[in-house]
Amino acid sequence: MQLKPKLGANSVGVRGALAAAAAGLLAGGHARAQETTAGAPTTTIDSALLTYHEVNRVQAIEPVVNVSQKIDEDGTLYFGVAADSLTGATPLGAVPSTLAQTYVRPYKIVPVGTSTTTVTSASGGSTVVTEPAATGAKTETLAATTVVPPNTYPLDHGFTDMRGAGHLGWEQALTQNLKLDGGMAYSKEHDYRSESAHLGLSQDFNGHNTTLSAALNYESDLSFPIGGTPTPLTEMNGNWKGPDASLHEIDALIGVTQVMSRRWLSTLSYSFSSAHGYQTDPYKIISVVDPVTGQPDEQLYESRPDQRRKQSVFFDNKIHLARDVVSASLRVYKDDWGIKSLTADLRYRWQMGRDYYLEPHLRYYTQGAAYFFHYYLVSDQAIPEYASADTRLAKFNAQTYGAKFGFALNAASEINLRVESYDQQGNGSPAGAIGQLKQQNLFPELKAYTLLLGYTVAF
Amino acid sequence: MVAAHHDQSTQFTAMASPCVVLVDTQDSQLGTEVGEIVKAEALRIEAKFSRYRPSVITHINETAGQAVEVDQETADLIDYATTCYELSDGRFDITSGALRRVWKFDGSRNVPTERQVREALQYVGWHHVLWKRPVLRLRASMEIDFGGIGKEYAVDRALSLAESHTDAPILVNLGGDLRVSGARHDGAPWYVAIENVDQAGTAAGLLELLSGALATSGDAHRFVRGSGARYGHVLNPKTGWPISHAPRSVTVHASTCTEAGLLAKLALLSGAGAEEFLELEEVRAWCIR
Numbered sequence: 001m002q003l004k005p006k007l008g009a010n011s012v013g014v015r016g017a018l019a020a021a022a023a024g025l026l027a028g029g030h031a032r033a034q035e036t037t038a039g040a041p042t043t044t045i046d047s048a049l050l051t052y053h054e055v056n057r058v059q060a061i062e063p064v065v066n067v068s069q070k071i072d073e074d075g076t077l078y079f080g081v082a083a084d085s086l087t088g089a090t091p092l093g094a095v096p097s098t099l100a101q102t103y104v105r106p107y108k109i110v111p112v113g114t115s116t117t118t119v120t121s122a123s124g125g126s127t128v129v130t131e132p133a134a135t136g137a138k139t140e141t142l143a144a145t146t147v148v149p150p151n152t153y154p155l156d157h158g159f160t161d162m163r164g165a166g167h168l169g170w171e172q173a174l175t176q177n178l179k180l181d182g183g184m185a186y187s188k189e190h191d192y193r194s195e196s197a198h199l200g201l202s203q204d205f206n207g208h209n210t211t212l213s214a215a216l217n218y219e220s221d222l223s224f225p226i227g228g229t230p231t232p233l234t235e236m237n238g239n240w241k242g243p244d245a246s247l248h249e250i251d252a253l254i255g256v257t258q259v260m261s262r263r264w265l266s267t268l269s270y271s272f273s274s275a276h277g278y279q280t281d282p283y284k285i286i287s288v289v290d291p292v293t294g295q296p297d298e299q300l301y302e303s304r305p306d307q308r309r310k311q312s313v314f315f316d317n318k319i320h321l322a323r324d325v326v327s328a329s330l331r332v333y334k335d336d337w338g339i340k341s342l343t344a345d346l347r348y349r350w351q352m353g354r355d356y357y358l359e360p361h362l363r364y365y366t367q368g369a370a371y372f373f374h375y376y377l378v379s380d381q382a383i384p385e386y387a388s389a390d391t392r393l394a395k396f397n398a399q400t401y402g403a404k405f406g407f408a409l410n411a412a413s414e415i416n417l418r419v420e421s422y423d424q425q426g427n428g429s430p431a432g433a434i435g436q437l438k439q440q441n442l443f444p445e446l447k448a449y450t451l452l453l454g455y456t457v458a459f
Numbered sequence: 001m002v003a004a005h006h007d008q009s010t011q012f013t014a015m016a017s018p019c020v021v022l023v024d025t026q027d028s029q030l031g032t033e034v035g036e037i038v039k040a041e042a043l044r045i046e047a048k049f050s051r052y053r054p055s056v057i058t059h060i061n062e063t064a065g066q067a068v069e070v071d072q073e074t075a076d077l078i079d080y081a082t083t084c085y086e087l088s089d090g091r092f093d094i095t096s097g098a099l100r101r102v103w104k105f106d107g108s109r110n111v112p113t114e115r116q117v118r119e120a121l122q123y124v125g126w127h128h129v130l131w132k133r134p135v136l137r138l139r140a141s142m143e144i145d146f147g148g149i150g151k152e153y154a155v156d157r158a159l160s161l162a163e164s165h166t167d168a169p170i171l172v173n174l175g176g177d178l179r180v181s182g183a184r185h186d187g188a189p190w191y192v193a194i195e196n197v198d199q200a201g202t203a204a205g206l207l208e209l210l211s212g213a214l215a216t217s218g219d220a221h222r223f224v225r226g227s228g229a230r231y232g233h234v235l236n237p238k239t240g241w242p243i244s245h246a247p248r249s250v251t252v253h254a255s256t257c258t259e260a261g262l263l264a265k266l267a268l269l270s271g272a273g274a275e276e277f278l279e280l281e282e283v284r285a286w287c288i289r
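Protein sequence lines correspond, in order, to chains A and B.
No gaps in the numbering here: position 304 of the first sequence is 304 in our numbering, and each next residue is one more.
No gaps in the numbering here: position 75 of the second sequence is 75 in our numbering, and each next residue is one more.
No lab work stands behind these hints, which were simulated from the structure alone.
A portion of the hints provided could be inaccurate.
[What the hints assert, rightly or not] DSS-like, lysine-lysine: derived pairs with alpha carbons at most 25 Å apart: (1) 179/A <-> 132/B; (2) 48/B <-> 179/A; (3) 438/A <-> 395/A.
With the hints as extra help, turn the sequences into a complete structure.
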């Protein structure tokens with residue numbers, strides 16, 4: 001802003017400037033507005049570095065940058081990129097045993113003969129072996145074997161993954177109260193690719209106090225697992241498996257946001273999603289155990305239905321106290337795999353001073369099991385059409401405790417640090433466990449920590 | 001208000017104040033139409049910028065800490081408020097409402113402590129706000145209101161709408177801030193009484209108005225009593241304390257009500273220097289001490 005006469009002891013008079021400003025205000029000033037925005041586009045940059053650590057399991061590090069750029073009075077372009085790198089071990093799905101167990105999975109296809117000298121030892125005791133090639137074949141498969149010691153929960157070690165993701169979108173105000181939002185997203189890792197597009201509309205009513213919104217998202221994914229796509233419920237082995245598998249999903253959301261009072265903002269939304277295609281985890285297996293001893297006889301690739309329909313209702317409230325803000329939300333979810341879940345989330349933003357705040361965060365999550373979840377299958381019983389021992393499909397409870405500390409560097413930028421711990425508990429000793437399984441923990445507790453350092457700036 | 005002629009008059013309540021629209025015509029139908037136009041506009045602006053009921057303002061305040069995009073009209077008002085902030089060297093500040101959390105002007109002995117004022121003052125100051133039209137970002141727990149400009153703006157807007165409906169002379173008075181479209185039919189002035197600050201309903205003076213607007217700013221009916229002192233309701237957003245030696249009431253004449261309102265407020269914020277300020281600005285004004 002250029003220097004203007006100021007009111008004060010040496011004031012020369014502000015009346016002229018004030019009259020001009022008042023005239024500008026009363027003229028409505030479309031032209032002036034355009035001039036201002038053209039000269040001063042608004043950019044917001046959100047960046048963060050996230051590290052995630054599961055005790056004895058996966059570690060991840062993920063940098064994220066999101067940019068929102070105002071193009072004109074009514075249009076905003078936004079885009080973002082993220083990358084993550086994941087290393088560590090994930091549960092195989094197999095039950096532990098009092099005996100050592102060896103698991104084998106395909107690893108790489110090489111020309112015949114190359115493998116003979118290749119024997120590597122990956123972290124966690126994986127060893128690369130060669131599967132005998134068919135006579136006359138030009139290639140052969142390298143397989144990795146993992147030996148799991150007695151009474152140890154079987155994990156797939158030497159697991160590393162890199163993922164890159166990006167999204168691009170445009171938000172356009174069609175009228176004062178109607179907004180259209182459209183965009184697309186892409187993400188790729190070494191064995192998975194996802195592409196999606198979304199379109200949303202939101203309409204404000206009664207002086208921006210009520211907002212109705214509706215959105216549609218379509219996603220198309222391709223899975224190309226290391227070692228190929230296994231045939232569900234066949235025995236795990238080191239042979240190369242089937243071709244890539246695809247998944248298509250459509251999501252719809254409708255919601256209403258209502259200003260309930262000057263200090264209370266409420267959002268209620270319903271979402272429905274329908275997925276069709278490959279939803280089995282190609283790396284997960286399920287043990288078939290002896291009906292008497294409980295020792296694993298076979299390890300089968302797991303099998304999940306091709307269809308999944310999910311529904312959820314989300315209710316969120318933000319209440320402004322004199323200085324602090326309370327956010328409380330509840331999500332109720334169910335799907336046709338038989339999973340029902342409830343998430344309760346509570347945050348309290350404690351404005352400790354003008355420039356900094358502390359926000360404790362509590363979350364409770366509980367879910368019921370999918371109808372095809374089994375800790376294991378029993379060899380004298382018929383094999384069901386769908387079966388998975390993935391504990392993410394089991395009945396469990398989880399708690400998140402965390403806190404975020406934010407510090408405003410100035411009006412336009414903030415730096416923040418978030419620390420969270422996550423605890424998951426399920427039933428490790430299911431009723432009716434057979435033989436040696438009675439002494440094993442079939443649902444090892446999962447404990448994870450998240451650390452996030454964020455920086456936001458607008459200019 | 002004294003109307004010597006037989007005007008068509010419409011009365012209603014808006015912004016918690018009595019409002020009057022006078023149309024100098026024999027046509028009662030026209031009087032009603034103009035009255036409705038003014039009333040609708042006053043109520044629209046009140047609803048849109050209310051500090052108490054869910055509005056654009058409460059939405060902005062509820063989302064303090066995040067960037068919010070505001071509509072054209074709101075942006076125009078914020079631009080205007082920004083200019084006023086700069087012209088007044090920070091003494092006119094639409095974020096000063098946070099001080100109301102500690103200053104309760106109810107005639108009681110509720111004077112806040114130094115510490116309470118200092119704490120509240122952390123959430124006051126337009127320079128803490130990011131304003132890149134049309135995006136506004138308050139710091140968390142800050143709040144804005146158009147208390148110092150909204151009513152005057154409504155007078156100007158409503159009169160302008162009414163003028164596009166008829167050529168008949170009109171006076172729009174929203175809670176004491178008023179503007180006329182011009183002289184009466186016969187060239188006579190409108191008469192406006194300045195309310196006596198000590199005795200509501202009685203006049204401290206009578207003004208003749210041929211054109212333009214009048215706005216009054218003051219502490220009538222609103223104050224707190226401290227130890228021996230009486231603190232008026234005009235707070236200095238830079239110190240968090242009431243302006244000392246401010247006139248009880250200042251009435252300013254200007255071509256628009258928006259401008260008159262700001263000049264009256266700035267005079268009040270000049271405290272003991274109110275008269276000097278008004279003289280320097282060469283405005284027609286009346287101070288009551």
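To see whether the hints hold, each was checked on the structure:
1. 179/A <-> 132/B: Measuring from Cα to Cα gives roughly 20 Å; hence the hint holds.
2. 48/B <-> 179/A: OK: residue 48/B and residue 179/A at ~20 Å, within 25 Å.
3. 438/A <-> 395/A: Holds, at about 19 Å.
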